[in-house]
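A.B. asks: Quick note, the sequence shown lines up with residues 1 to 170 if you use UniProt numbering.
Mixed in with the good hints there might be a few duds.
Listed below are the simulated SDA-like cross-link pairs for lysine to any residue, each with C-alpha atoms no more than 25 Å apart in a straight line [unchecked claim]:
1) Lys60 with Ala18
2) Lys60 with Asp138
3) Lys21 with Leu126
4) Lys80 with Trp113
5) Lys77 with Leu126
6) Lys25 with Cys12
7) Lys21 with Asn137
8) Lys50 with Leu121
9) Lys80 with Ile105
10) Lys50 with Pro10
11) Lys60 with Ala86
12) Lys60 with Ile107
Hint data in this document are derived by calculation from the structure and do not stem from the laboratory.
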Amino acid sequence: MAKRTHVHLPDCWIFDRAVIKWQRKTFVIVGIMDLRSRKLLAWELLRPLKPKPTAAVLEKAHLMYGHPPALVVGIDKVFKSPDVQATCNQAEIQPVDIRHGKVSISIFIRSVWRSLEWEGLSWRELPDEPTFRQVVNDWIVFYNSDRPHQALGYAVPDEEWRTVRYKIDQ
């Protein structure tokens with residue numbers, strides 16, 4: 001049996017959210033990830049989760065990186081809100097759901113959020129919310145530009161994004 005790699009995954013973006021707790025406060029991180037390169041294209045740390053800022057994450061990714069090959073959305077009701085739907089309609093994006101039973105392709109982006117909590121937040125004493133937000137931002141920049149990924153053959157998402165996009169666009 002041939003070894004499968006990240007290039008065998010569907011060419012899509014994942015749009016999902018996760019809860020992050022910090023100092024008895026609950027934040028929701030909403031983000032979009034390119035599945036093949038594992039690059040986080042856009043994200044926002046929200047408190048509370050609201051449709052307009054969630055839609056703004058999609059709009060930002062679309063403006064910066066173009067039209068997604070496919071957009072897989074999370075199952076949260078915020079992704080079905082009129083604001084997110086209007087952004088999808090305006091950008092001519094048709095969200096898809098490729099869940100199989102209880103398993104979802106969203107597991108890939110959720111593992112990023114778990115890594116953020118473990119690597120970026122769990123071992124630090126953060127004195128205030130601006131510092132907390134800066135640590136989250138710094139970790140995501142590190143994740144995209146410097147953190148090697150075993151699934152990518154120890155490449156980093158930024159490099160893989162350029163390589164994968166170049167091959168697909170030819």
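A.B. asks: So which of those numbered hints doesn't the model satisfy?
C.D. replies: 5, 6, 10
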